[in-house]
Amino acid sequence: MKEIIAIVRINKVGATKKALVQAGAAGFTALKVMGRGRLVEDKAVIAERRATLLALAQKDDYNTEKLITEFLDGTRLFPRRMFTVLAHDEDVSKIVKAIIEANRTDYNVGDGKIFVLPVLDAVRVRTKECGDAAI
Amino acid sequence: MIMVRAIVRPDKKEVVLDELSNAGFHAATVVDVVGRGKQKGIKFGDIIYDEIPKSLIMLVIHDEDKDDVLDVIIRHAKTGEKGAFGDGKIFISATDEVYTVSSGAAGL
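So the protein sequences, as listed, match chains A and B.
Residue numbering for the first sequence follows this note's numbering, starting at 1 and increasing by one per position.
Residue numbering for the second sequence follows this note's numbering, starting at 1 and increasing by one per position.
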């Protein structure tokens, strides 16, 4: 039994849910979280995205440029959705692959992380089933 | 790799995150949570507050960095010299695999 914790973009929640159903894992828990990733050392990878966002932003706010840069290079905490999925050992790679495929963008950074943790036991409250049967 | 989940006072969240970043552990996830500890909440007269707001800081690190991270969190989440009830708890769990979505690569 494994616990898959995936941290994804908020506008990819729908795609992730669809991907999870197709991968055979319909049950999940989702949480709104704030987070940040590794610092972006090479500014070139975010240059394109930064230019697009700056073009969308209002011109009169002097803070905008700083804010956008900080959100993109990861100095600031930004909102993300955290999915927790329980899975049988043999389904883990399929689910991980599905989440990766659903969440990939061409922004280079900020697509999220997936953690796979071991789970000792699980219990279904309704039937008291334990272990693999509970998932 | 291990996952560190630290429950700290909400007002210590910023300090802990800044110091973790200075120590080289920049990536983290933060959730606002409510809970109670072994003090069974706080009691004022007849009123018991057992849903005390805290911040949960979650980060995944290499095994060998465990002591550094624990030291940073404990040093900065503590209130006063000796610490006080309600300063929080740290939980550590094993993590088998880590993937980065943008590259699909395994590992931190």
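Wrong hints could be hidden among the right ones.
[To be verified] Interface residues of chain A toward chain B, partial, derived using beta-carbon atoms under 7 Å:
hint : residue
1    : R38
2    : V40
3    : F71
4    : V96
5    : V119
6    : V123
No lab work stands behind these hints, which were simulated from the structure alone.
Note that the Cβ used here is the ideal one computed from N, Cα and C, for glycine as well.
Evaluation of the provided hints:
no. : hint : verdict
1   : R38  : holds (5 Å)
2   : V40  : violated (10 Å)
3   : F71  : violated (14 Å)
4   : V96  : holds (6 Å)
5   : V119 : violated (10 Å)
6   : V123 : violated (18 Å)
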